[in-house]
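Spelled out from the first residue to the last, the chains are:
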Amino acid sequence: MTDSEPNPRPPLDGVRVIDFTWIVAGPTCTRLLGDLGAEVIRVENQQTLDSIRFGRPHPNGFDPPDSGAMFNWLDRNKRSITVNARHPDGLDLIKRLIRISDVLVENYSSRILENWGLSYEEQQAESPEIIYVSLSGFGHSGPQRDYSTWGPTAQALSGLTSMSGMPEAPEPAGWGYSYLDHMAGFTAAAAITAALRHRRETGQGQWIDLSQVETGMALTAPATLDFTVNGRRYRDTGNPPGNRSVWPQAAPHNTYPTAGDDNWIMITCTSDSEWEAFCEVSDHPHWRTDARFATLPARLRHQDELDENIGSWTAGQDGRALMQRLQSADVPAGVVQNGVDLVVSDPQMKAREWTVTRHHPVIGEHLTDGLQIRYSRTPAHRDLPGPELGEANQYVFGDLLGFSDDRIAELQLNGAMG
Amino acid sequence: MGALDRIRVLDCSDPKGHFAGKLLAGLGADVIKIEPPGGDVGRTYGPFLDDRPGPERSLYWWHYGAGKRSVGLDLDSADGIELFLQLAADADVVLESCQPGRGRPFDPVTLSDHLPELIVLSLTPFGQTGPWRDHAWSDAVGLALGGPMGSCGYDNIPGTPPIRPTEHHAGHISGYFAATGVCAALYERQESGLGQHIDISMHECMGFTIESSAPWALYEQHPLIRQAGRHAGPQPTEPWQYPTSDGRLINIFGMPRSEASWLALVGFIQEHGMGPNLSDVELLDGRKRQLGLQQPTVAMMLADIAEFIAAHEAEEIYAGAQAAGAAWSIIRTPDECLADEHWRSRGFFIDVEHEERNRTVTFPGAPYILSETPWTHGVRAPMLGEHTAEILCGELGLGIDELGALIAAGVVR
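Sequences listed follow chains A and B, in order. For the first sequence, position 298 (counting from the first letter as 1) is numbered 481 according to my numbering, and the numbering increases by one without interruption. For the second sequence, position 67 (counting from the first letter as 1) is numbered 56 according to my numbering, and the numbering increases by one without interruption.
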């Protein structure tokens, strides 16, 4: 890009999103849309603020609603307005906003928008081409549409929790975070961008109904098919398999201890050539010719001894040095990293500038993390911090909707902008 | 009609991109899977039909290959690349997953420069740059390095490692970024007429997908403690998974916040003659019910709840708690989900004809219900090279003799 060319615009430049989301699932979706250049306007309400605004950490001191790091992380690249949808004038503000917007996303329980008078049909009356996304635990149809979920309970219902753990443990390890909040958000973002493409082609909007549990069940297919095709239930064969691999067949395929407290390396050999390379580089070339380990079927049969041998060898070694040594022989190996490792010591993340410093009016200087989708011509961005509550009221009600200062003051007084 | 109607995707990816390609197919794109003449490696992933391996018997492939057309083409041969470039000239999107320094058959940036309207997506373990870009990789190594696995495991079984959730989740996570990246680029192209190259590092996709680990790391450099069946946290928290009388587990995360819903839940438990301490007035204060702070009131509450759950069957607890407004759930295995009438009534599980085997197979279906451009499973996963003649001769105009010669030379299958 030379100086004479115009600044590149991100791919969703010009798309306006009304964001009725909170907690993690919906905001994950709208963060991605914001990164891709959409103008995302969070519609917030003083009486029922997003609890993420209050959650820890508060690096510059607890001063809600704008001091939360998690909110600033998850809700960057968005604007914020305050509206009370239960107030007639508040509902009118939202309807006016719908007329000049492209997408409306919400992740409330399944009857909330309907009760406010903002069903899909009512949205269409304001803007026939609106793309409406409802993201709830069970979807907006079916006998259990009034049931609700959080990420962890959705994961449990979908089957995903049961598929993570050690075979002999009394309970699954599951997921140590709301995986399906993120995945449901990503699912919504994919559907929205596809629907935008369709709308630009045909002029047609639509309603996208998402169930968080369904987004999870869609990720369990091989295990589900083993049941529907082969009649095998998931637990029939000693699942979940810990860090071993059932499919594709591979051995070794496990975590092994390294020097220090609670440090681990994942080593996976999915072919004989990787196994042979591993033996060469591991100072144990005789493992190659040991009948117990010479072939994949033999290694699978003797996996306990295999893992014990490898664990004895890795224990006490520096994990990162060991990873480099194995990688130098082209063996798939990686240390188990946590978030701090990604931010502080991961050379790959450093080289690609995964974190950059940004400023927030309350939190101050801080790091924000990467853009996952790197376009050559229309780059995404990470320039706006998480919005202070109501920071865009003047912009949206004055500049976009054309209300006078007097009218805005009135709406503030009468509770419509509550 | 799908949302990506008339979009053609050439999918040269390996298992790293199988889910990305499937998402685009589900949204209505014509996805042409370019397989090596020996078959995509995904065909060797089980489980298999009747437990007998074979390239057309992989249930993994039946799912991830569904809705795609298959062309067997050796991209390591000059003739193969020539045909690929001809196909690319007529495609909207090329999806590839080769690491830059590992002998890839074409350079995605050069291809993108050569065909300015084309969107070229490189979905690779670490991206196109950086010291690890060519590191050997597997889905499990990706989850280990990228952060998700570090938050999963057992606090109550000493010496156990972090646990990797099974089923190709590095591919699932980055598949969504890939699909979204492509759709947004297609949207932009409708206005500009131009394609571009997209570089996605699966490692970076993992790094966002770790919830509160990210802000704790970015702002405080504070690692979280992994715990069985619940969120990793800066401090230890109370268990969420409790065994039932019928040998199953209930997840009680989602304790009621309002007084009304708390009283409804207490009512449900006390109707069964249990939970005497739940009437404690202290528990009327929502803050005294808040999990994660190691409060004595919460210990008292959870003891009663655990006792109630241990004395009842999972389905009864699940239905009763949800009716009372608590977002509790059963920890189900994938096979157990099929019995739930709610998913049946929404049409989630779908029956797909596998005519050549004279059988109907039930699959998990749509991750989203789009009212005007319905998601599609598409036709059953293709057999290796099933569409080679249809595409190379019927659409590209290759003569049948030329095709025969290429097949004989091992370039095409």
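Honestly, I wouldn't trust all of these hints.
In silico SDA-like pairs for lysine to any residue, Cα to Cα no more than 20 Å straight-line [what the hints assert, rightly or not]: (1) A:LYS533 - B:PRO89; (2) A:LYS533 - B:HIS331; (3) A:LYS533 - B:GLN88.
No wet-lab data here; the hints were simulated from the structure.
Cross-check of the supplied hints:
1. A:LYS533 - B:PRO89: Cα-Cα ~19 Å, so holds.
2. A:LYS533 - B:HIS331: Violated, at roughly 46 Å.
3. A:LYS533 - B:GLN88: The hint holds at about 19 Å.
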